[in-house]
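Trainee: As a plain string of letters, each chain reads:
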Amino acid sequence: MALIETFSNMSFREKSAWGMGLVLTAGALFYFNKVVGLSEALGRTAPPIIGFVIAYVIFIVIASVIVMSVLAGTAGKEADAPADEREKIIADKAGHWSGYVLAIPALGALWHYSVNLDGNMLFHLIFLSLMLSQIAEYAFQIFLFRRGA
Amino acid sequence: MAKSPPITNRIRELREAQGGMSQAALAEAIGVTRQTIIAIELGKYSPSLESAFRISRVFRLGIEDVFGWEVPPAS
Numbered sequence: 001m002a003l004i005e006t007f008s009n010m011s012f013r014e015k016s017a018w019g020m021g022l023v024l025t026a027g028a029l030f031y032f033n034k035v036v037g038l039s040e041a042l043g044r045t046a047p048p049i050i051g052f053v054i055a056y057v058i059f060i061v062i063a064s065v066i067v068m069s070v071l072a073g074t075a076g077k078e079a080d081a082p083a084d085e086r087e088k089i090i091a092d093k094a095g096h097w098s099g100y101v102l103a104i105p106a107l108g109a110l111w112h113y114s115v116n117l118d119g120n121m122l123f124h125l126i127f128l129s130l131m132l133s134q135i136a137e138y139a140f141q142i143f144l145f146r147r148g149a
Numbered sequence: 001m002a003k004s005p006p007i008t009n010r011i012r013e014l015r016e017a018q019g020g021m022s023q024a025a026l027a028e029a030i031g032v033t034r035q036t037i038i039a040i041e042l043g044k045y046s047p048s049l050e051s052a053f054r055i056s057r058v059f060r061l062g063i064e065d066v067f068g069w070e071v072p073p074a075s
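Just so you know, the sequences run in chain order R and G.
Numbering-wise, the first sequence is residues 1 to 149 according to the numbering used here.
Numbering-wise, the second sequence is residues 1 to 75 according to the numbering used here.
In isolation and in its complexed conformation, chain G is listed as follows (with noise of 0.2 Å):
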């Protein structure tokens, strides 16, 4: 199994609050497929930054508060 990058996202918080946008919609509004949107939002896939500003775009938020950075404490 891939390591997960650490990034993280709200992007299926944010779909639910904007009435249930689908993944579908979404991934056509930033020109992407829906399975790249699930592995986004999974955190199988970090997204180029040109994408994380178009999705950020959707929601009409900053980037920060779409993806944040978290790594793991170290064991």
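The following block holds chain R by itself, in its conformation from the complex (with noise of 0.2 Å):
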């Protein structure tokens, strides 16, 4: 009841980094999942597999449509709105923090490269930087939401 109640009384952008979270949380989960068991079941690392790359995107973005319909369609003339200046202030900073969830795992990757010369690692690594970074930028904005700004 408590969290029905704590929901309703977000932002619609605050809604969306919620529901956007979630999708991407659960593409990465489908993806790599995948790939590690294709990697498992070849006994080395999977190399990059497009059909996965394809299936992921498409479900990102059929999932993104839906949850953000659904989120515009009760969120009224919210959701229309402009961000307002609080708002663009977390967008911002949670950009800027993600940017080093981005960098720090690909400079890792490329560490690893340099090391292990596995380049099916390096791609799987590096799209992993992307998606935690993304799924980061929502974190932080919903972490600055709820902090206030």
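You may find that some hints are simply not true.
[Claimed, not checked] Each computed BS3-like pair below joins lysine-lysine, with the alpha-carbon atoms no more than 25 Å apart:
1) R/Lys-88 / R/Lys-77
2) G/Lys-44 / R/Lys-93
3) R/Lys-34 / G/Lys-44
No lab work stands behind these hints: they were computed from the structure.
If you're wondering where the values come from, they're calculated on a predicted model, not measured in any experiment.
Both chains come to you apart, so use the hints to assemble them.
Mentor: Structure, rendered in structure tokens:
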């Protein structure tokens, strides 16, 4: 009950951050579940499978459209309003912090490649960095919305 | 927990004095979300100078009648 009340008191952008964060997390779990499963079956790091990437992108697009349509449908005119000054600051800070989440694992991936020369792992780690930075951006937004700014 | 800025305000008090103006009504009047008004009232967010002026205008007061600057004493 308290959870529903908390959710209904959130701004449209905070609800969107929750929705997109969950969609991207589900997409990342789906993708890496496939990659780990294939790697175990092969006994080595799976090569990049374009089919998995396409399935991931299609899942993200469809799930995002559904989630955002539902949220916009319940938000009324708030969904059409531009971000206010506090929301813009939150988006800027979250985007800045998520840049580090992209850079640090990406540097780790490059270091891993320079030591092991495993191009397949490099692909997966860079792709993972991209996914993590997007998820982190929404997580930072939620944190800042909850904190106030 | 983020350190609150030393900016105080009387927004809640002024809203109540104006016949219980809602946070949503004030938010609409100055063009921000209700959640931003809540954050300002709780001292978690300091509004821009423009929004501070807009808020003051809604209450037909000067900016210093609505906002204050209170530095906590050094411990």
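Trainee: Hints first: check each against the structure and report whether it holds.
Mentor: For each hint, the structure was consulted:
1. R/Lys-88 / R/Lys-77: holds (18 Å)
2. G/Lys-44 / R/Lys-93: Roughly 16 Å between the alpha carbons, so the hint for G/Lys-44 and R/Lys-93 holds.
3. R/Lys-34 / G/Lys-44: Given pair R/Lys-34, G/Lys-44 is violated - Cα atoms ~43 Å apart, limit 25 Å.
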